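> As given, the protein sequences belong to chains A and B, one line each in that order. At position 393 of the first sequence (counting the first as 1) the number is 393 in the UniProt record's numbering, and the numbers step up by one without a gap. At position 1 of the second sequence (counting the first as 1) the number is 1 in the UniProt record's numbering, and the numbers step up by one without a gap.
Some hints could be false.
As the list claims (entries may be wrong) - Listing some non-contacts, in silico: residues in chain A with all C-beta distances to chain B over 10 Å: (1) K25; (2) N95; (3) E158; (4) V200; (5) D204; (6) L255; (7) I301; (8) L423; (9) T455.
As the list claims (entries may be wrong) - Now the stretches of chain A that chain B is said to cover, found in silico as 3 or more residues with beta-carbon under 8 Å: (10) 241 to 253; (11) 616 to 629.
Treat the hints as calculated values from the structure; they're not laboratory data. Owing to the predicted nature of the structure, the values given are computational and were not obtained by experimental measurement. For each residue, glycine too, the CB sits at the ideal point set by N, CA and C.
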Amino acid sequence: MSSNEDGLFQTDAFSPSDYIRDRLKGVKVGDETRKLKQLRSEMSALNHASQETLKNNVFRNYQQFIDASKEISHLEREIYQLTHSLIEQKQVIENLIMMTDDDKTSIHTVSSHSTTTSNTNPIQILMQKMEGIGGILNNMSATEKVILYSEMEQFDVETKKPVQKCMLILLSHRLIIGNINAAGKYVMESTLSLNSVAPVNVKDRESGAANAGKVLKLLIFPESRCYLCESARVKKLWFDELEQAKREILHKGSLVRQATIRGKRQTVKERKAAAAVIEERATFQEEEEDVGDEEKNDNDISWLSELPAELDDCIAHRDLDQAVELIHEWKQCPTKDTVIDIQLQMRENTIVQLLSDDVSRPGAVHGGPRAMKKARTLLTQLGRGTYATDVYLRRRSAMQRNAMRDVTVSEEPISYVKQLCTLYGNAVSDIANEFRSMPQFYCQVLQWCSYELSTLLNLIRRHVIEVAPAIAVIAYTWKNVLHTMEDLTAIGVHLNFEVNRLLSTPLEKALQTNFENICDAVKVRISEEKWRPYVLDSESALNRLVEELSDVGINVEWAISANDESRSSLNVSQNVVHFARVAHTLSKDLAPLRLSPIQVLCEVYADELWKMYLQHLADNIRDGAVFAYSTTFILTMVLPVCDKILYGEEGELIRLIDQFPSLAPYADPSDEEKQKDEEEVAHV
Amino acid sequence: MASKKASGTLPPQQQIVHKVIMVGTGGVGKSALTLQFMYDEFVEEYEPTKADSYRKKVVLDGEECSIDILDTAGQEDYSAIRDNYYRSGEGFICVFSILDMESFEATSEFREQILRVKNSDNSVPIVLVGNKGDMREQRVVPAELCRQRAEQWGVHYVETSAKRRENVDKVFYDLMREMKRRKGGAQTQIGIDAAASSGRKKRSGIKKHCTIL
Numbered sequence: 001m002s003s004n005e006d007g008l009f010q011t012d013a014f015s016p017s018d019y020i021r022d023r024l025k026g027v028k029v030g031d032e033t034r035k036l037k038q039l040r041s042e043m044s045a046l047n048h049a050s051q052e053t054l055k056n057n058v059f060r061n062y063q064q065f066i067d068a069s070k071e072i073s074h075l076e077r078e079i080y081q082l083t084h085s086l087i088e089q090k091q092v093i094e095n096l097i098m099m100t101d102d103d104k105t106s107i108h109t110v111s112s113h114s115t116t117t118s119n120t121n122p123i124q125i126l127m128q129k130m131e132g133i134g135g136i137l138n139n140m141s142a143t144e145k146v147i148l149y150s151e152m153e154q155f156d157v158e159t160k161k162p163v164q165k166c167m168l169i170l171l172s173h174r175l176i177i178g179n180i181n182a183a184g185k186y187v188m189e190s191t192l193s194l195n196s197v198a199p200v201n202v203k204d205r206e207s208g209a210a211n212a213g214k215v216l217k218l219l220i221f222p223e224s225r226c227y228l229c230e231s232a233r234v235k236k237l238w239f240d241e242l243e244q245a246k247r248e249i250l251h252k253g254s255l256v257r258q259a260t261i262r263g264k265r266q267t268v269k270e271r272k273a274a275a276a277v278i279e280e281r282a283t284f285q286e287e288e289e290d291v292g293d294e295e296k297n298d299n300d301i302s303w304l305s306e307l308p309a310e311l312d313d314c315i316a317h318r319d320l321d322q323a324v325e326l327i328h329e330w331k332q333c334p335t336k337d338t339v340i341d342i343q344l345q346m347r348e349n350t351i352v353q354l355l356s357d358d359v360s361r362p363g364a365v366h367g368g369p370r371a372m373k374k375a376r377t378l379l380t381q382l383g384r385g386t387y388a389t390d391v392y393l394r395r396r397s398a399m400q401r402n403a404m405r406d407v408t409v410s411e412e413p414i415s416y417v418k419q420l421c422t423l424y425g426n427a428v429s430d431i432a433n434e435f436r437s438m439p440q441f442y443c444q445v446l447q448w449c450s451y452e453l454s455t456l457l458n459l460i461r462r463h464v465i466e467v468a469p470a471i472a473v474i475a476y477t478w479k480n481v482l483h484t485m486e487d488l489t490a491i492g493v494h495l496n497f498e499v500n501r502l503l504s505t506p507l508e509k510a511l512q513t514n515f516e517n518i519c520d521a522v523k524v525r526i527s528e529e530k531w532r533p534y535v536l537d538s539e540s541a542l543n544r545l546v547e548e549l550s551d552v553g554i555n556v557e558w559a560i561s562a563n564d565e566s567r568s569s570l571n572v573s574q575n576v577v578h579f580a581r582v583a584h585t586l587s588k589d590l591a592p593l594r595l596s597p598i599q600v601l602c603e604v605y606a607d608e609l610w611k612m613y614l615q616h617l618a619d620n621i622r623d624g625a626v627f628a629y630s631t632t633f634i635l636t637m638v639l640p641v642c643d644k645i646l647y648g649e650e651g652e653l654i655r656l657i658d659q660f661p662s663l664a665p666y667a668d669p670s671d672e673e674k675q676k677d678e679e680e681v682a683h684v
Numbered sequence: 001m002a003s004k005k006a007s008g009t010l011p012p013q014q015q016i017v018h019k020v021i022m023v024g025t026g027g028v029g030k031s032a033l034t035l036q037f038m039y040d041e042f043v044e045e046y047e048p049t050k051a052d053s054y055r056k057k058v059v060l061d062g063e064e065c066s067i068d069i070l071d072t073a074g075q076e077d078y079s080a081i082r083d084n085y086y087r088s089g090e091g092f093i094c095v096f097s098i099l100d101m102e103s104f105e106a107t108s109e110f111r112e113q114i115l116r117v118k119n120s121d122n123s124v125p126i127v128l129v130g131n132k133g134d135m136r137e138q139r140v141v142p143a144e145l146c147r148q149r150a151e152q153w154g155v156h157y158v159e160t161s162a163k164r165r166e167n168v169d170k171v172f173y174d175l176m177r178e179m180k181r182r183k184g185g186a187q188t189q190i191g192i193d194a195a196a197s198s199g200r201k202k203r204s205g206i207k208k209h210c211t212i213l
């Protein structure tokens with residue numbers, strides 16, 4: 001048979017019937033059977049030959065395999081010998097180190113020494129030394145190993161005496177303690193999970209240097225045991241290894257948790273990516289995609305079905321960071337399962353509730369807003385930022401109310417206002433600073449500030465403005481409030497318009513009551529005006545009055561009667577002096593209120609008072625020194641001073657004199673001298 | 001009180017032991033307070049503690065007893081393994097530095113961890129201690145705030161100076177009195193047995209708690 005025919009048999013399109021027909025073409029009619037028989041013998045010869053070749057091939061490969069195995073075992077033996085001689089050398093070196101440098105640097109060597117011995121065969125050694133641990137040691141998982149084992153003495157802290165010899169074995173996940181029996185062999189006494197064991201260094205100076213630093217205490221809830229180690233070094237080694245092993249367990253626990261989550265998510269992603277690559281290849285496109293989708297769904301669903309338990313675990317450990325992360329991943333997961341979704345929704349609500357409790361519970365505010373920040377951040381991540389802010393601000397409001405309640409309504413209303421304003425100012429600036437980096441909540445913060453402001457102003461209104469205080473108190477209250485608002489404007493909380501809205505009416509009312517009283521008093525005085533000189537008790541009383549007036553910028557010295565021997569009377573009537581005082585106080589009190597929403601009212605009242613008095617003067621024009629002095633005093637001294645206090649340098653009230661032309665001569669300073677002279681002449 | 005009557009007849013090893021645990025952020029002076037109380041000495045150098053245990057015989061209100069102090073690590077990386085230590089405590093001294101606001105704020109977390117380990121038992125004896133009182137002029141944590149927190153927790157607040165030995169004994173004795181009062185109330189047996197049985201009780205409490213979860 002030719003080799004091209006071999007090829008023919010192997011082609012896909014080979015058809016036996018066609019082949020036979022082809023072979024029998026041109027064969028004489030009677031010869032077909034003979035021809036076919038010949039073909040068959042050819043075929044069987046071919047079959048035999050190929051079987052023979054196959055056999056030879058297998059044999060050859062087998063020969064090679066045996067050679068390779070021999071070589072491997074030979075090499076293994078060599079490696080073993082090498083390791084052995086290395087260990088021997090190492091032990092010799094370690095012994096030398098021990099002999100030369102007895103203690104200090106050898107912590108490391110001992111540990112590596114013990115690990116090498118434990119590497120050689122710790123399990124066998126331990127099983128020989130201690131009874132009852134075969135089951136544990138033989139059934140250790142691949143991740144578990146013997147970390148450390150030592151013989152120690154159990155130690156009584158009270159009597160400071162050893163109790164019995166024992167042996168401790170530290171595995172990756174547990175601690176085995178064995179006590180010695182009468183036969184001198186250790187018997188396993190207890191096996192403890194490392195989660196319930198905590199190592200402690202026992203510091204004891206009293207029992208002297210013999211045991212110093214050698215006692216290791218193990219807290220095994222609810223009891224504790226002390227063990228006396230061979231040396232301080234061994235104790236330190238045990239302490240560190242125990243701690244390390246505990247950390248390892250915790251670390252692994254969290255890693256496993258994260259890995260299961262991430263791993264599952266990752267494989268889903270990878271599959272997606274793989275599916276995308278396959279899609280590009282035209283051949284198996286549809287089929288492959290279906291498989292990818294199915295696998296992805298399966299994976300997601302199995303991941304999702306474990307998620308509720310995972311979340312419960314997080315909630316139980318109060319590891320809310322992790323919980324929120326999981327919720328987040330769940331929400332991003334494209335696969336949905338209604339039953340699981342409902343369960344997860346419940347968990348999410350629980351987490352939200354826990355976090356809100358964190359924000360709203362009474363203790364949370366202590367330690368500053370920072371203490372609640374984490375919970376709020378987590379809530380924000382869960383898409384409940386507005387809610388968290390709301391809860392938090394409500395909590396702050398409650399705090400604020402408590403703090404305000406503590407401020408006593410004293411008889412000193414100004415200090416009360418001051419305290420309230422400081423409380424409010426501090427709280428607002430606190431909140432504003434805190435939310436500086438969270439512009440999405442500005443609206444809520446501003447609303448809160450405004451709400452708190454109305455609380456503050458309500459208190460001020462109820463306890464200060466509505467109890468009908470003097471205008472001075474109203475003025476100071478306003479000053480304080482305004483000052484606070486200016487401070488807040490500086491940090492970006494501009495709420496002055498709120499103050500104007502909330503305070504204007506009560507302020508107006510309070511001012512009105514006050515003003516009516518003042519007017520009534522002035523009217524009574526006007527009706528009693530007799531234009532007589534103001535006679536005081538003594539010269540010193542007069543001096544006091546003059547000083548009092550000159551302190552506020554009103555000069556009255558020129559009106560002292562020259563012809564009075566006792567020098568204790570003024571040529572200005574008593575009622576006029578009274579009016580001077582009233583007008584001056586009013587101007588002083590109204591001045592700060594001119595910056596308030598009741599500015600217009602202030603000006604109207606000032607105008608009204610002055611008009612009334614000027615009218616009174618104009619109606620009573622008469623001869624006589626007292627009237628002339630009084631009018632001049634009012635027009636040239638009192639009016640300008642009040643005007644300046646209320647309106648500043650420019651002055652408004654001074655123009656009122658123009659409405660009373662009959663008073664003009666008294667207002668002219670040049671006339672003053674003249675009149676005075678006339679007066680003196682008249683008296684003479 | 002049962003313990004008082006029995007103390008005379010008890011062999012020394014069955015004396016009442018008050019197990020106190022020092023907690024607080026790293027570097028606030030837990031070890032300094034402990035060493036000052038134990039040995040009347042102040043150590044200037046700072047070496048972070050891992051977990052040290054001290055025992056001292058004291059006479060509390062005329063009655064001899066022992067105090068077992070567990071000085072714990074304040075560093076953050078120990079927080080995960082603190083539970084085992086806290087579980088063994090009967091009273092806690094929660095220390096912060098009046099010069100460090102963060103250490104004060106952290107006291108809340110420490111208390112929460114204690115309460116969690118103690119199964120939310122709010123009456124577990126705690127003393128809030130503001131240390132480094134010798135540097136009061138540089139204080140950052142206002143005394144008012146400390147008192148407020150103590151009041152809120154329902155515990156005593158004591159300001160100490162481990163350096164000058166101010167109030168050091170007061171802290172430990174106050175706490176022991178509180179623990180004694182508490183034990184006196186719950187005690188059915190005496191000495192160690194009582195502590196062990198109360199411990200067992202607590203553990204079963206935890207288990208019960210778990211099954212609810």
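> Next step is simple, just say for each hint if it's right about the structure.
Hint-by-hint comparison with the structure:
1. K25: holds (88 Å)
2. N95: Holds, because the least Cβ-Cβ distance between N95 of chain A and chain B comes to about 32 Å, which exceeds 10 Å.
3. E158: Violated, since 4 Å does not exceed 10 Å.
4. V200: Given a closest Cβ separation of 4 Å, the condition is violated.
5. D204: violated (7 Å)
6. L255: Correct as stated: the minimum Cβ-Cβ distance to chain B is 13 Å, above 10 Å.
7. I301: Correct as stated: the minimum Cβ-Cβ distance to chain B is 26 Å, above 10 Å.
8. L423: holds (15 Å)
9. T455: Given that every Cβ of chain B is farther than 10 Å from that of T455 of chain A, nearest at about 22 Å, it holds.
10. 241 to 253: holds (count 4)
11. 616 to 629: violated (count 0)
Of the hints listed earlier, those the structure fails to meet are numbers 3, 4, 5, 11, in rising order.
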